[in-house]
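Chains as they are written, first to last, in my numbering: chain A, 267 to 620; chain B, 202 to 587.
It should be emphasised that the hints constitute simulated quantities derived from the structure, not laboratory data. Note that the structure is a prediction, hence the values are computed from the model and not measured. Check before you lean on any hint, since a few could be wrong.
One-sided and incomplete, this derived list gives chain A residues near chain B with beta-carbon spacing under 10 Å [what the hints assert, rightly or not]: (1) A294; (2) E529; (3) D600; (4) T601; (5) F603; (6) R605; (7) L608.
Ideal Cβ positions, reconstructed from N, Cα and C, are used throughout, including at glycine.
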Amino acid sequence: MNTTARLTPRTTILDERITMKYGAGGRAMRALIEGVFVAGAAEAPGDGIAIGLAAMDDGAAIRIGDRWLVVTTDSHVIHPVFFPGGDIGRLAVSGTVNDLAMMGATEVLALTCGVILEEGFALEDLRRIQASLAATCREAGTTVVTGDTKVMGRGELDGIVLNTTGIALTDRVVPDAGLRPGDRLLLTGTVGDHGMAVMASRHGLDFGGELRSDVAPLNGLIRLALAAGGADLVAMKDPTRGGLASALHEMATKSGVGILLDEAAVPVTSEVRAAAELLGIEPLHVANEGKAVIGVRPEAAGRVLAALRGHPLGRDATVIGTCLTELPGSVLLDTGFGRRLLAEPEGEPLPRIC
Amino acid sequence: MDSTGGFAELKFRDPQRGKALAAEAARLARAIGRDPIALMHVCGSHEQAIARFGLRASFPPEVDLIMGPGCPVCVTDQPEVDEAVALAMSGVRVATYGDMLRVPGTAQSLGDAQAEGARVDVVYSFSQAMDLARSTRDEVVFFATGFETTAVATAAAILDPDRPANLSILSAHKYILPAMEIVAEVPGTRIEGFLGAGHAATITGWGLFEPFARKYGRPVVIAGFEPLDILAALVKLLELVQDGRAEVANMYPRCVTKEGNRRAQEQLWRVFETTGGEWRGIAYVPDGNLRIREEFAAADARRRFAIDTSAQRSAAPAALVKECLCGAILSGLAAPHDCPLFGKECVPDRPVGACMVSSEGACKIWYQYGGRPDLTALPALQESAG
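With these hints in hand, go ahead and build the complete structure from the sequences.
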């Protein structure tokens, strides 16, 4: 077959004004980062930066002696601030810790935390958020060492914005571009929980079951996977905004492989599936905040899977797909009935869920 | 919670039964011995399900299941959009479903009008339009689209004694049967049978299609929207084609009866009557549009306002529109990837034609689900995912 045909059209043209889709984690956001920030970036001061902005990875890696300093930053806006399974404080710590972990850096030295508050924000809510933030730091074995606080006028932002930056040292950096044909893709658990819980909570939808965000720091789980996989663990990505579909597309594109995804193997709770059916949203497009996609050489799949399943956050871990020579940059979905290409989400099903 | 096996647990989504049905369809197609065997569905929701589950890959290679005029938003023609735009530009608040916002009129879409300051509100249901009308003293017009299923909801709302007096309806509702007749009457048409839309048939009953099947000598099989519904209906349709039986079969009996929903039909025909109209890209369809009866003139935006669309119609259409194949796609003569604009100039963010606008539009669906590549040559999942 002709594998060079452009089967999934790519959007590269930027609009004159920023719309919500540019923050949704999909193609449009990548085009924006590439077209504005990467294209306009200053030159690197030395050759110590192994993974920089142009790599568009989860974070950057800078050579420090014989080790790597991994650094990442993430801003968090979410409505509602408190949602089933978490809150913006837990999200802010988990998001940054997970970005570091996806680079292979699981020993988080420290976080910074910048807070921008809207005039009128309740102090009690702020205390709750801080307590959650501190508890999540303990869970991840790190702490906030410096911060910044600003207040903006009423209506100038939606309640609270949290920015966290994290730093961690590691001996080996795991990029998200290390896949080759034959590699297996593991998923650490169910997908769609975070996005669906937030959407349901925001819109007051009651699906009769329990929808809870999966937001959690993954560095402990990833540490086990790295120990089991060693050099055979070759790529990692957390499927946040844009969901599993977006994460797999990014991995396929950066590694130049095709990905064959077995839809029936992707774990989805019955609650999430029911909500997704009702709302007409694909769980594969819904955000997660406590999951990872891990690419391994085929011979290591069994032992990494066993390691993941030994951790509470990896109980439902499973093999979801395989890397192909064919269709580089594309994700092929086997539905059990047939095959189709899994398109990358264009925007978010509903705005701002992480 | 079962997090691993839930996919197959859903009724009508058992891949094993799907494979058995696909094998039976393949056997029938071979037995018929023609290639291609052209069949048509007339429902955007069928195309959604077919694309979503990659069903085309499991159809017999001889079967060419063509998308017919099954997307009500897509077949809403420019003059109807022009009316809505003219109303919005004249200061009336226009409420409509999100899909309608970007459907191109002659010169402008409702979205364009909104950008120029006209008040256009996106609603998810008629009742939301009622709430909007109650919250304002302005005139509110609900720009209503859809086939029988949604037309029934509009009819019920028009009959609702609590409907606010400042709310009227601009009907772009369509009636599917006359459009199927147009397709069947095309000289030299290749279509050998139809899959009927399950949800429309829930209202009309499957009996409605019997005179059609007899008159045009083509079988109609009413189909639901789960993968097994569609595969089972395809098998039935191939059986009828093989036997040369121009009959109606109901393969969606859990929802559809022969008589349909009598009460809904009464409401529908009490409020609406059929009238002829242009369907985008298809033709003039006699009796294809639903207009509000005179008895309900107060609820009919066309009678309530003198709608002047001359400003819209005098404007020149955009150059790209001339290359758009929406018309051919809607009438089953072309597929989205035959269009030079598909996925290039025409994407969901910047649609050129209506088929890229609606979530039921063939182009939008194909774009969303990655088109129809030939995926049969790839390694089997079992071999590679092990």
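_Please list, smallest to largest, the hint numbers that this structure does not respect._
Of the numbered hints, all hold.
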